Amino acid sequence: MFLGIRCYWHLPKKGLCSSGFSLRSPISFFHCQTNPARRCSSESCVKISAIFPSPTQALLKSSCRIQRVLESREEWSELVEIELQKLNIELNTYIVNQVLKSLSNSYTAYQFYKWTECQPDFRHDHFTFKTLVSLLLEDQNFGILSEVLKGISGNEITVHRSVYRIIISGFIRSGQINLAIRTFEAMFESGCRMFSIDFNKFIGVLISNNCFDTAEKYYNRMILDGFTLNSFTYSRFISSLCLVNNLLFAEKLLQDMDRIHLVPDIWAYNIYLNCLCKQNRLEEAVEILRSMSQKGREPDIVSYSTVINGFCIAKHFSTALELWEEIFKRGIKPAVSASGPLIFGLCDNGKVEEAYEIMIGMIKMNAELNVTIYNAIICGFCKVGRFDKAQVLVSYMRRNGCEPDLVTCNIFLNHYCDRGMLNEAWKLMKRMENSGISPDKYSYSQVLKGLCKTNQLDRAYSLITECMEVKGLCDVVSCNIVINSFCKTRKLGAAFKLCKEMSNKGIYPDAISYGLLIQGFFRVGHALQAQELFHQMLEVGVVPNVNTYNTIIHYLCRKGEIEAARTYFFDMVKKGLSPNAISYSTLMHGLLKAFKINEAISLFHDMCQNGVMPNEVTFTLLIQGLMEDGKFVLAHKIRDYMMEKGFELDKTLSERLIVAMKSKDPEASELMSERPQSYLSRKNCEYTAPGVEGDLLEVEVECAGGGYDFGGGDWSHDDVQEVRWFLCKLQVIRHKRCGQMHKSCEVTIGYEVIF
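For the sequence shown, our numbering gives the first residue as 6, with consecutive numbering after it.
Quick caveat, the hints were computed from the structure, so don't treat them as lab data.
Some clues are possibly wrong.
Unchecked claim - Distance condition first, Cα-Cα at most 20 Å in a straight line; then the derived SDA-like pairs of lysine to any residue:
# : residue 1 : residue 2
1 : Lys394    : Asp353
2 : Lys155    : Trp120
3 : Lys476    : Lys493
4 : Lys206    : Asn250
5 : Lys476    : Ile442
6 : Lys493    : Arg464
7 : Lys320    : Glu358
8 : Lys106    : Thr121
On a predicted model such as this, the values are computed, not experimentally measured, just so you know.
Let's have the full structure, built from the sequences with the hints guiding it.
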């Protein structure tokens, strides 16, 4: 048998990886040794080939003999090795590679690879190693692959970059991203020559798998080695970073692109613009938008729509309109999707005329407006009281082939019901049904609100039980509308009846339902029943919301049951609900009313520490309480803190605090400390101050905060005496200040005297 010569590798002097090796295969060697001048004719060549088979045929026959032995055995064993030895074939890398390629079982291929490695005068080369690696990756036999990769360190095989690429691709296809990263790191550290394409592909994979930290690491190393990404990979990288709000590194990539004169794709620009708008960096977004053309990337309608939408959300409509005009100047055809955000924003903020002008401009450009655009402007006209224009617009949209839909009808229903025009609402409901538009839950809810607003509660009750429930349109939200009206009119029996009937039909009360009923009981003075209902609510598994707790705390504080109110407050916290500004203000008001100043201050500190921003009412209540208690310095500090947070103290109260801080008048201090302790119902009357002949004083006595009701009616004799005492003291102060009094002078939290 003719045996082909061995394959030879010519090692490079230095600086080249294995890709620089020159392989002399048996075939190439054979042809190189033949002198072209002595070649035979085609006829004689055929005869010679019959006598002397070509090296390729001989090698293929040898590989086929080995294949038959391996295929005849299901598993690798010593018997297989004995049979292979009996073949007496002189192995070379060509034969071994052909055998490996023919095998479908990666384990058998590995055993054969190891067996050949032990044969005398045989060493694997790049091709046999590459074939085995490919087969192991195809079978996802990562355990054996790991052993093979560890074993190459002891051999003279230099792993070519193509093998590294195959291994990395195989790991990626099988989802083994960490192994792919380790292999790329090994490739990087091996000194193998790498190209930009390697970094582009690998960083692209890292981006797809959200490995942004690793991608950033290899990007920085790539830049140091003088490589760059292409425009597509840069664009993918920037877009992905924007989606995870990592604008810092995204902007570094944009700077690097500028440096090497690359421009992001339009979709990358648009995602970046959207991210800037979400972070309210609107001016930067405009700068980017207007610099795109200079860099060779013209902004499209999506670019402008994104920035316009950002300005609309921020309610900067003047800039949004400027950008809209810029679209026309650039010759970009505006799409309905682009005009939508601007029209919606303008209509929602009462600028319906501007929205209408935009719509007219779109119509002039023969743009087909959809019903959503029409509905936005119709709703806008209804909100500003231009119902006539809304009706005209409906007629216009019909003439242009755009029929009103359910939303259009609901807009008109809302208008009619808000204004008590229930006859018109019923007529519209009939027209809707006749035209094939079925009223939905929202439609009926608007009618319910209209009936309740006009105090037609019996009709509202009938609408729920006889119509909505039959059509399957009744839900707990609808019931709550009627329950709220029953409770406000103190018809708690009817409210309970509705709850019970709906519960029997599978519509169970929610936290809002219970909250309305609890508030109704408190309103009629049945505090005990209200609290019993609260506990019943807990028993059936309905979790109270913050508003329910606020209602209970408010009414308990009004009754002076401060400790009970505090118990509910802390129970709310215990249940995992976060008290809001109303919760804190209500309890703080109760504490101040009970002259528990220190507890109120402590609650204020807790409020701030828990991240709840006090509102103007909270600040005012606390400052008034501190002033009433003579703690002017602390009141002044809280006033300063209030102003830092953007709130402004009532002018009269602020002046009163400043006067108290500056004058430190002992008479005024005496007056503050000796003030009457009782609070009077609000009432206007006229008195002649004792000891001041001829001075007619108009006195307005009112409860601090305006939140108390002590029965009204005529004042008692004691109340009148307190007012007389107050006026006498006030007159003394006025005379001692040489008559220099403000027109309105508040001296105590409980009284205001107008001269």
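Tested hints:
no.: 1; hint: Lys394 - Asp353; in the structure: holds (17 Å)
no.: 2; hint: Lys155 - Trp120; in the structure: holds (17 Å)
no.: 3; hint: Lys476 - Lys493; in the structure: violated (28 Å)
no.: 4; hint: Lys206 - Asn250; in the structure: violated (23 Å)
no.: 5; hint: Lys476 - Ile442; in the structure: holds (14 Å)
no.: 6; hint: Lys493 - Arg464; in the structure: holds (17 Å)
no.: 7; hint: Lys320 - Glu358; in the structure: holds (16 Å)
no.: 8; hint: Lys106 - Thr121; in the structure: holds (15 Å)
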